[in-house]
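Taking the hints into account, I'd like the entire structure generated from these sequences.
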Amino acid sequence: MSNLSSQAAAQYNNNFLKEVEAMVEEGNWVKMCMQCGVCSGSCPTNFQAGWDHPPQEIFMMIRAGKREEVLNSQSMWMCTSCYNCIVRCPRKLPITHIMHGLANYAHRLGLAPKNQPTRHFAKLFWNNCIQTGRVNELKLSLGLYFKDGFKQGIINGLAMKDVALGLLKAKRLNPFELFKAHGCKDQKGIHAMLKKAHEIEERRKAIKTA
Amino acid sequence: MTEVVATNETILVVGGGISGMTAALEAAETGKNVVLVEKNPAIGGRTSQLYRYFPKLCHPICGLEINLRRLKSNPRIRLLTMAEVTGITGAKGDYTATIRITPRYVNANCTACGDCAKAVGAEIPNPFNYGLNKMKAAYLPNKMAYPMRFVLDKSIIGTPDADKAKAACKYNAIDLDMQEETVQIKAGAVVWATGWQPYDANKIQPYGYDRFKNVITSVEFERLADPHGPTSGKILRPSDGKEAKNVAFIQCAGSRDENHLRHCSRICCMASLKQTNYVEERYGNEGKSTIYYIDIRAIDRFEDFYAKVQANPNVSFIKSKVAKVTQDDASGDVILHGVNTEGYHRYATPHDLCVLAVGMEPSVKGANIPAEILADSSGFIEADPANGAFFGAGCASNALDVNRSVQSATAAALRAIQVVNRVAKAEV
Ligand SMILES: Cc1cc2nc3c(=O)[nH]c(=O)nc-3n(C[C@H](O)[C@H](O)[C@H](O)COP(=O)(O)OP(=O)(O)OC[C@H]3O[C@@H](n4cnc5c(N)ncnc54)[C@H](O)[C@@H]3O)c2cc1C
Ligand code: SF4
Ligand code: SF4
Ligand code: SF4
Ligand code: SF4
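Order-wise, the sequence lines are chains A and B.
Each step along the first sequence adds one to the number in full-length UniProt numbering, with nothing skipped, and position 23 is 23.
Each step along the second sequence adds one to the number in full-length UniProt numbering, with nothing skipped, and position 357 is 357.
Quick caveat, the hints were computed from the structure, so don't treat them as lab data.
In this text, all values refer to a predicted model and were calculated from it rather than measured experimentally.
C-beta atoms are modelled at their ideal positions from N, C-alpha and C, and glycine is treated no differently.
Just so you know, not all the hints are guaranteed correct.
As the list claims (entries may be wrong) - Derived CB-CB ranges, DEER-like:
1) A:Pro-94 / B:Arg-422: 32 to 42 Å
2) B:Asp-328 / A:Phe-179: 34 to 44 Å
3) B:Pro-313 / A:Gly-50: 31 to 41 Å
4) A:Asn-15 / B:Gly-87: 34 to 44 Å
5) A:Tyr-83 / B:Lys-365: 48 to 58 Å
6) B:Arg-346 / A:His-120: 26 to 36 Å
7) A:Lys-18 / B:Met-144: 57 to 67 Å
8) B:Lys-425 / A:Pro-94: 37 to 47 Å
9) B:Lys-242 / A:Pro-44: 27 to 37 Å
10) B:Ala-383 / A:Gly-50: 36 to 46 Å
11) B:Pro-313 / A:Asp-148: 51 to 61 Å
12) A:Pro-44 / B:Pro-313: 27 to 37 Å
13) B:Lys-242 / A:Asn-28: 44 to 54 Å
14) B:Leu-374 / A:Lys-18: 36 to 46 Å
Unchecked claim - Just a sample of chain A residues kept apart from chain B, beta carbon distances all over 12 Å, derived:
15) Ser-2
16) Asn-3
17) Lys-18
18) His-53
19) Glu-57
20) Met-60
21) Thr-96
22) Ala-122
23) Thr-132
24) Arg-134
25) Leu-165
26) Gly-166
27) Phe-176
28) Leu-178
See below:
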């Protein structure tokens, strides 16, 4: 267990429900779930590979104190934010938000699954866009292609070459962006703003002491 | 003109279902004068529309019949049918109620011979069968109707059909000149027993009640099972008249749901358990029922009933609130989709017919009662001193079964009796 993680667990006396209520966005809703199954039955993706537990099962596991299993789970990263579950939940739980809250919390504690594709993409996207204040799509897609090593990256790239050529023709892709990306005007301002936001976020999400 | 004699020692009972009848009878049998106001052309309320009663599975007719006999023999009860209370003013011991009476166009001479119905051509949806079939626009509200008197629907008044009906009547019972009337009566206490109505199933969009013919409500299912109902008691599904031998019940359809009714309607679990008996009664071991539920709430002594149904191999239970219903267009079957929470298995299961165990809500919600009344967030009347001598009874006060409705009505009658007793003493 990471240091931060064991500190958090200890803070809540290993009562994982309490920990989720205090630390996870919309986590105080978890106890309202009556295990009816409508969210799992309505979710268009949770029967796909990668979803180890449907949302309702995650909520039950939180109450059962299955901390590692929940935070190591891929499920929260698989949610597509379609909101089907929220619309139908008879208890009006903000399920989508809780799923993302849990993903974020697992990420902060360093417990999120390592090579999880959604998480990989999210990190890539963020690091890419904060550099110049603008997403460099070429670098972003290359980063995705080469996620599983150089050889796989070449294979992925070749598979997409027709699309790339089409984009080139339509002037929607500029290969020189690889060397010098065009950014926003006030990059310094953006960096300062992001730094400030990060500080506020850290303060807000620091492990709450009773 | 309708003559009603009433003073502030009179008890006004609104709603002639099992609760209103009980309250009226209990009060009248202690010597009080009662005015009983019923909106429909016949009394009996929703119990008269049930096929069988839990827990004993007897026919509601027999319970109603005893009450009707008591009613007929009691001169202290003045019954007004096709009448609605439009306003109540005043305070405890001294109320004035305004009552609007719609014309029936048939007077007390009627012998219920049925000749007028034969003469009339026009047909209207039959409300007693929740619109599942049609009936002539000159009709007897139901086989056991009290008063046993026909009604001409207002849609045919002024048409040749009305004249045909009048011409067919040998007893001079049809009066086409009847007009709407408004009367005012005094009352010392009011028992409000307007009962419940099924929650509007069209609002539960994922279940497709408005789109799929073979998705019906539990109240409609009672009519399908009743020999006096639209299918003569054969359980046939609406789309193609096929025998429905594989029936799904969806519990909490519109109840326990922040998007619909917040409360548990309390009766619907027992109603579905009971209705699995109807399927088996018709089709024996070929009749299969599946109940999809969150948890079964068979209140107190009904637990035995639940245990019996649970042990029946023709009934299966799936712990799951159904996520959505679709239809197989070729076969007309309905397909239920969801996750069985015991093991988290996804299912997509076809059934011949799907019955929504719809929630019960007050038929007149608190805010719509034409008086200043405290009601809970679902619109059921509260027992609160602020309501003066205005007492809720039966399903106007909560989602109750018949037994508890009768208890609640007796309690309301007793409170009303105490009020008019005090009025009487003060006046001596
Ligand atoms: C599917 C289903 C099955 C059920 N099966 C059973 C069972 O097997 N056993 C059991 O014990 N219970 C059963 N119940 C419950 C039972 O139906 C109720 O307990 C019972 O109907 C309550 O009677 P009530 O008189 O309070 O209301 P109601 O039966 O609703 O009667 C109210 C009366 O008031 C009248 N009214 C309404 N508005 C006005 C107005 N504004 N002015 C004048 N009159 C008005 C109505 O026309 C009606 O006659 C079932 C319920 C459901 C949903
Ligand atoms: S739909 Fe809502 S109440 Fe039902 S299991 Fe999901 S979160 Fe819980
Ligand atoms: S919002 Fe996420 S969890 Fe909810 S139904 Fe959609 S994909 Fe499933
Ligand atoms: S109104 Fe006349 S014809 Fe119709 S049922 Fe009554 S008595 Fe018979
Ligand atoms: S009685 Fe049963 S079906 Fe009805 S609302 Fe309550 S739990 Fe749901």
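* Which earlier hints turn out false for this structure, listed by number in ascending order? -> 1, 2, 4, 5, 8, 10, 18, 19 and 20
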